[in-house]
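S.K.: Given the coordinates of chain L, work out where chain H should sit on it, guided by the hints.
Just so you know, the protein sequences line up as chains L and H, in that order.
Be aware that the first sequence starts at 298, since it is given in our numbering, and climbs by one per residue.
Be aware that the second sequence starts at 225, since it is given in our numbering, and climbs by one per residue.
These are computed hints drawn from the structure, not numbers from a lab.
Beta carbons: idealized from backbone N, C-alpha and C, even for Gly.
You can trust all of the hints, since none of them are fake.
Between beta-carbon pairs, the in silico distance windows are: (1) L342(H) <-> L314(L): 15 to 23 Å; (2) N299(L) <-> A232(H): 41 to 49 Å; (3) A330(L) <-> A381(H): 40 to 48 Å; (4) A338(H) <-> D480(L): 38 to 46 Å; (5) A377(H) <-> D441(L): 47 to 55 Å; (6) A385(H) <-> Q472(L): 48 to 56 Å; (7) D313(L) <-> A275(H): 37 to 45 Å.
If you want a taste of the chain H side facing chain L, the calculated C-beta under 10 Å gives, among others: (8) V244; (9) D257; (10) F267; (11) N297; (12) K301; (13) G355; (14) L376; (15) A381.
On the chain H side, residues computed to face chain L include the following (Cβ under 10 Å): (16) E238; (17) G254; (18) V268; (19) R304; (20) L333; (21) I337; (22) Y351; (23) V353; (24) L387.
Chain residues, written in single-letter form:
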Amino acid sequence: MNEDRFGETLGDLVRDLEAVPETPRDEIWAGIAAARRFRRPERSRRTRALVQGLSLAATLAFGFALGRVWTPGSAAPPPIPSPGGDFASLNAHAGAPQFRLAADYLARTEELLADFPEGTREGRASDVAGWASQLLLDTRLLIDSPTGSDPAMAPLLSDLELVLAQIASLRDGDQQEITLIIDGITQNRVLARLRVAAGAAAGTNGDD
Amino acid sequence: MLDGDRLAERELYEKHVDRVYRLAYRLADGDADLARDFAQDVFVRAFERLAEFRGDAALSTWLHSITVSVALNGMRKVKRWRAREADLDEADVIGSAGPRIEPDLKARLRAAIAGLPLKYRVVFTMYDVEGFTHDEIGSALGMPTGTSKARLARARARLRAELAEFAGEWVS
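Chain L extracted, bound-state conformation (with noise of 0.2 Å):
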């Protein structure tokens, strides 16, 4: 069989072993509404000074909403819950499908967050603000659904909703909201209960 021959051999076997299933092209083109809405449009240098001061305030106020300012020493950092305790409930269901949804999202957005430091020190703010974009969204779903109304992911995924929301508007070189955000992250544990409860929905308890 000559080369081409086997080439076409072979990808008449993949298509035929690996069909690709129907675009689904309302749910994709939804997304990309979705992750449009929360990037900024494009500003004259001129006034994106000012509108990082005027972020910088609403990202204040909306901390102040939320019950909490995420500045460094304001208040103590909330406990790292236990998978076996806090998180039993995902754990107890790891595998069913709405917690599987929840793995998931919770896997995605530790990435993102492990990521972050490194990816706004390479000038990757874009591209790590729209990721987070696509999470938010799927914060907010989950904050609805019952997943939202577990004692123990409530407030990691309110804290989670916050961050991302920061993220989200960031643009490459705002560094004084890079400090933030990062402060933020670190005294609020955020990371760390965020590996716990990934553990537990996952169903591997959380021990990394």
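M.R.: Relative to chain L, chain H alone:
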């Protein structure tokens, strides 16, 4: 369109989304959820950069270039995450020495393709599976047409060797 006309964007989306999604699906190793996320990201980026598109390449080529970039970057992250998950898995799963079951054709083919170096796999997927031309691949990946042809030949040779023992006659 360049002014961000939403109707024109929707028209562009409707025209290209199927091919973008198909390519994303293949590069996402058949994961429909990832393919959806990649396709979404492709159009978000494309719409943001539409003003930068100068028309010196076909719009479809430009979109496919973004698709490859988004999918490969996305898969790197996914693989990093999956590797970490595997580290967390039970040791008996990773290190089990249970009886080897001969994988079926689908699994073997998938493994053979997944085992190709990325630069070969992308060209094989685009040309043999999704029907792109070497010109299109060269433009999308930013390389000469000849390089695309060479990579395809190497990909096929590796697949032929990899599948020879399993598939016998039809690869020889």
